[in-house]
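J.: These protein sequence lines map, in sequence, to chains A and B. Going left to right, the first sequence walks through residues 1 to 481 as UniProt numbering numbers them. Going left to right, the second sequence walks through residues 1 to 319 as UniProt numbering numbers them.
Honestly, I wouldn't trust all of these hints.
Covered stretches of chain B, going by a simulated chain A footprint (3 or more residues, C-beta under 8 Å) [what the hints assert, rightly or not]:
1) 17 to 30
2) 85 to 91
3) 101 to 112
4) 130 to 144
5) 195 to 207
Reference listing, derived: stretches of chain A covered by chain B, where coverage requires no fewer than 3 residues with Cβ under 8 Å from a Cβ of chain B [to be verified]:
6) 154 to 166
7) 222 to 236
8) 311 to 324
Across the chosen pairs, the derived CB separations fall in these ranges [what the hints assert, rightly or not]:
9) B/Met-42 with A/Ile-259: 45 to 51 Å
10) A/Ile-259 with B/Gln-289: 41 to 47 Å
11) B/Pro-179 with A/Ile-259: 29 to 35 Å
12) B/Gln-289 with A/Glu-207: 56 to 62 Å
13) A/Glu-300 with B/Leu-46: 54 to 60 Å
14) B/Glu-7 with A/Pro-444: 26 to 32 Å
15) A/Ile-259 with B/Ile-53: 55 to 61 Å
16) B/Tyr-183 with A/Lys-466: 20 to 26 Å
17) A/Arg-77 with B/Leu-46: 41 to 47 Å
What the hints contain is simulated information worked out from the structure, not anything from laboratory work. Backbone N, C-alpha and C fix where the C-beta goes; we use that ideal spot for every residue, glycine too.
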Amino acid sequence: MAATSFTAAKFLAPVAARSGGERAPPLPAGASSSSFARAMRRGGAHHPRLRTALAVSSDVLAGNKAQAAAANPAVTREEALELYEDMVLGRVFEDMCAQMYYRGKMFGFVHLYNGQEAVSTGFIKYLNQADCVVSTYRDHVHALSKGVPARSVMAELFGKATGCCRGQGGSMHMFSAPHNLLGGFAFIGEGIPVATGAAFAAKYRHEVLKQSGPDGLDVTVAFFGDGTCNNGQFFECLNMAQLWKLPIIFVVENNLWAIGMSHLRATSDPEIFKKGPAFGMPGVHVDGMDVLKVREVAKEAIDRARRGEGPTLVECETYRFRGHSLADPDELRKPGKDYFPVSFYFFASLVKFLVLTRLSGEMENGIKASLAKFVAMLKMASNIVLMKTDEKSHYAARDPITALKKYIIEENLATESELKSIEKKIEDVVEEAVEFADASPHPPRSQLLENVFADPKGFGIGPDGKYRCEDPKFTQGTAQV
Amino acid sequence: MFEALREALIEEMKLDPTVCVMGEDVGHYGGSYKVTKGLAEMFGDLRVLDTPIAENSFTGMGIGAAMKGLRPVVEGMNMGFLLLAYNQISNNCGMLHYTSGGQFKIPIVIRGPGGVGRQLGAEHSQRLESYFQSIPGLQMVACSTPYNAKGLMKAAIRSENPVVLFEHVLLYNMKEKIPDEEYICCLEEAEMVRPGEHVTILTYSRMRYHVMQAAKTLVNKGYDPEVIDIRSLKPFDLHTIGNSIKKTHRVLIVEECMRTGGIGASLRSAIIDNFWDYLDAPIMCLSSQDVPTPYAATLEDATVVQPAQIVAAVEQICQ
Numbered sequence: 001m002a003a004t005s006f007t008a009a010k011f012l013a014p015v016a017a018r019s020g021g022e023r024a025p026p027l028p029a030g031a032s033s034s035s036f037a038r039a040m041r042r043g044g045a046h047h048p049r050l051r052t053a054l055a056v057s058s059d060v061l062a063g064n065k066a067q068a069a070a071a072n073p074a075v076t077r078e079e080a081l082e083l084y085e086d087m088v089l090g091r092v093f094e095d096m097c098a099q100m101y102y103r104g105k106m107f108g109f110v111h112l113y114n115g116q117e118a119v120s121t122g123f124i125k126y127l128n129q130a131d132c133v134v135s136t137y138r139d140h141v142h143a144l145s146k147g148v149p150a151r152s153v154m155a156e157l158f159g160k161a162t163g164c165c166r167g168q169g170g171s172m173h174m175f176s177a178p179h180n181l182l183g184g185f186a187f188i189g190e191g192i193p194v195a196t197g198a199a200f201a202a203k204y205r206h207e208v209l210k211q212s213g214p215d216g217l218d219v220t221v222a223f224f225g226d227g228t229c230n231n232g233q234f235f236e237c238l239n240m241a242q243l244w245k246l247p248i249i250f251v252v253e254n255n256l257w258a259i260g261m262s263h264l265r266a267t268s269d270p271e272i273f274k275k276g277p278a279f280g281m282p283g284v285h286v287d288g289m290d291v292l293k294v295r296e297v298a299k300e301a302i303d304r305a306r307r308g309e310g311p312t313l314v315e316c317e318t319y320r321f322r323g324h325s326l327a328d329p330d331e332l333r334k335p336g337k338d339y340f341p342v343s344f345y346f347f348a349s350l351v352k353f354l355v356l357t358r359l360s361g362e363m364e365n366g367i368k369a370s371l372a373k374f375v376a377m378l379k380m381a382s383n384i385v386l387m388k389t390d391e392k393s394h395y396a397a398r399d400p401i402t403a404l405k406k407y408i409i410e411e412n413l414a415t416e417s418e419l420k421s422i423e424k425k426i427e428d429v430v431e432e433a434v435e436f437a438d439a440s441p442h443p444p445r446s447q448l449l450e451n452v453f454a455d456p457k458g459f460g461i462g463p464d465g466k467y468r469c470e471d472p473k474f475t476q477g478t479a480q481v
Numbered sequence: 001m002f003e004a005l006r007e008a009l010i011e012e013m014k015l016d017p018t019v020c021v022m023g024e025d026v027g028h029y030g031g032s033y034k035v036t037k038g039l040a041e042m043f044g045d046l047r048v049l050d051t052p053i054a055e056n057s058f059t060g061m062g063i064g065a066a067m068k069g070l071r072p073v074v075e076g077m078n079m080g081f082l083l084l085a086y087n088q089i090s091n092n093c094g095m096l097h098y099t100s101g102g103q104f105k106i107p108i109v110i111r112g113p114g115g116v117g118r119q120l121g122a123e124h125s126q127r128l129e130s131y132f133q134s135i136p137g138l139q140m141v142a143c144s145t146p147y148n149a150k151g152l153m154k155a156a157i158r159s160e161n162p163v164v165l166f167e168h169v170l171l172y173n174m175k176e177k178i179p180d181e182e183y184i185c186c187l188e189e190a191e192m193v194r195p196g197e198h199v200t201i202l203t204y205s206r207m208r209y210h211v212m213q214a215a216k217t218l219v220n221k222g223y224d225p226e227v228i229d230i231r232s233l234k235p236f237d238l239h240t241i242g243n244s245i246k247k248t249h250r251v252l253i254v255e256e257c258m259r260t261g262g263i264g265a266s267l268r269s270a271i272i273d274n275f276w277d278y279l280d281a282p283i284m285c286l287s288s289q290d291v292p293t294p295y296a297a298t299l300e301d302a303t304v305v306q307p308a309q310i311v312a313a314v315e316q317i318c319q
């Protein structure tokens, strides 16, 4: 019946997040107003529909040292410094990209990864060189984490011949055969089948060609966003990967936004991790702003895949501090402000309620009905205001780099000055990358036709009977093909 | 012809263990047109992979596997189904070698039956050669006899480039004696079917048979047509074609593609670009009607080029 399908209670059905065993208790249907008030006081909530899923904060940040220490130490000093350095490299590099873009050194669509570093570092630093990574257009940091030198990535962004793809790919098409980075794809979802193919090849090598590393199967990690999870290629590959137990991990970088489309407005069931079990594979939700948590999940998923137990779907709750791309005005996600506007709406709603009920005499007709109306007005106000004002500051407070730094210092894994020297070293690396890219030559005209075909006979036979690629002008890039 | 294709696959899979087959019903079912019959028993379920119905994703999977060293042969059960894989074929298959700066090669073969069959309906009667021809980085060949089917399949598998091999639904039962010893056809070359003096007829795939049927009538009427099966739809073999035009000075293109934007359209402009001075008459191009293929037999026959039209066209050109 229509009435039961569209009740507010169902709309507010709680989300039970699973991360490291934590489970938020389900909200009773009528308790929305009181939990809303609690959330206001806590100051950390945003959209009510995702409140419980996103309230999983890191044990590290919550200072729950006893629990953290009781388990095996999360990281050794060397590991912690490696993770820190990799995240700082990602951040500093992306900030430099923004600078270079606005100075006219790079063009087109450039998508920056600021804020999401924990996902890239958490997964990729646990991989071997033979393992593959497949990414999307937000791929600079995946390339860096996989080991592609910063200077190659920067030169590629500048469109120089010394770039990792000879300047032919650009920001959205980072590839590196020696590092097994299989792209860099401009259309979302496109890379997922390619990743599935790489995993298939790993299984094929093991079972048909009888070639395998000592550790087990080579693993492939596919990174993509929340928007992609509504695309057919995602579901088709979840099916095939589980069907053949391919060594692949599907990592969803859920930053809640697909350009200007909120994940909640685009997705019928926003809990992406639940879609794994629908295909028979484990689905895990993890706090993607905490590199240690990501790494724990990554270890388990990667080891599983290596042993041949099949794929895993990991949903990382994360956030991009910048807009979708450097061309995005990012107007739908307003920066955090203080709570004055919120309390203003609260009092405005209260006044309106009092005035209206007094004027219409509704007070006598039913307190309950009037209260329900008031609560609905308040909810609407809070949805609009909190969604737009709190999200950015909420996530800025969970900056993965700051979190790890705090952890390292509190656990005495390194000193402040050691961390500072890492930061300085990274700044030098990125500066050097820019100088290298600046000094590198642009691709010459002769490069134009070279990589269209792996075998240039594919350009065919010309009227004179010779293959077109044998024409001397071919190597100059001016041949008629 | 299906046995020739099958032989080619078996030979190549025995020679090179990285050659594998992927597609719907290629394994246990033996292939909808029996091209892969028995292969799963010979080579195993992983090398002859039965995929779920997800063309875009399994074509992409083939591409990813090719990037990592395998040589997949991806079958579209009907060429038309590969429209669903267009994203992967265009963006990744065609372009990835270039956007990666030459780091990854994609030695994949994408094959399947297309063309107008016997009352299969509009969607199962499509000709995708015109849709794919603009994709840079792709080679396209069309086989027409058991001999060139085997040769082209082997060449396509051995090529480092991605190759789309167009087969035709109505030609699978063609029979021909082919050599026992190993041979390969060149992917970029056209095939001289019947040398002649008066007019060059360029054709491919099933239309070759309509042309040869028309040729019999034409010979009786005193004409001497030169028939070339272009085989390589992209790139065109302008050497064979050019030599023929320089001899006959008259060109007729007979194709099964749609008139608009078809292979014939591209071939016509390539000939005008390169051999304008040698032409004594405008190039005529007979293509299928720009109509979804109807189910009714009479209408279906009217959408494709028939031998009578070819005879009339030659008579017109040779006036």
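J.: Each of the hints needs a verdict: does it hold here or not?
T.: Going down the list of hints, with the structure as the test:
1. Counting residues of the region 17 to 30 of chain B whose C-beta lies closer than 8 Å to any C-beta of chain A gives 3; at least three are required, and the coverage claim holds.
2. Evaluation of the coverage hint for the region 85 to 91 of chain B: fulfilled, as 3 residues show C-beta separations to chain A shorter than 8 Å, against a requirement of three.
3. Restraint check on the region 101 to 112 of chain B versus chain A: 7 residues with Cβ-Cβ distances below 8 Å, three needed, restraint holds.
4. A count of 3 residues in the region 130 to 144 of chain B with a Cβ less than 8 Å from any Cβ of chain A is obtained; the coverage claim is therefore met, three being the minimum.
5. Residue count for the region 195 to 207 of chain B with a Cβ under 8 Å from a Cβ of chain A: 0. That is fewer than the three needed, and the coverage hint is violated.
6. Given as covered by chain B, the region 154 to 166 of chain A passes the check, having 4 residues with a CB less than 8 Å from a CB of that chain where 3 are the minimum.
7. A count of 3 residues in the region 222 to 236 of chain A with a Cβ less than 8 Å from any Cβ of chain B is obtained; the coverage claim is therefore met, three being the minimum.
8. Under a criterion of three residues with beta carbons nearer than 8 Å to beta carbons of chain B, the stated coverage of the region 311 to 324 of chain A fails, only 0 such residues being counted.
9. A hinted range of 45 to 51 Å holds for the C-beta pair B/Met-42 and A/Ile-259, which are about 50 Å apart.
10. Under the hint 41 to 47 Å, the C-beta atoms of A/Ile-259 and B/Gln-289, about 43 Å apart, fit the expected range.
11. In this structure the hint that B/Pro-179 and A/Ile-259 lie 29 to 35 Å apart at CB is violated, the actual value being about 59 Å.
12. Checked against the hint of 56 to 62 Å, the C-beta distance between B/Gln-289 and A/Glu-207 comes to roughly 50 Å, which is inconsistent with it.
13. For A/Glu-300 and B/Leu-46, the Cβ-Cβ distance of about 26 Å falls outside the hinted range of 54 to 60 Å, so the restraint is violated.
14. Judged by the Cβ atoms, the range 26 to 32 Å given for B/Glu-7 and A/Pro-444 is violated: they are separated by roughly 46 Å.
15. At roughly 31 Å, the beta-carbon separation of A/Ile-259 and B/Ile-53 lies outside the given 55 to 61 Å, and the hint is violated.
16. One distance hint, 20 to 26 Å for the beta-carbon pair B/Tyr-183 and A/Lys-466, holds here, with the actual separation near 23 Å.
17. Checked against the hint of 41 to 47 Å, the C-beta distance between A/Arg-77 and B/Leu-46 comes to roughly 44 Å, which is consistent with it.
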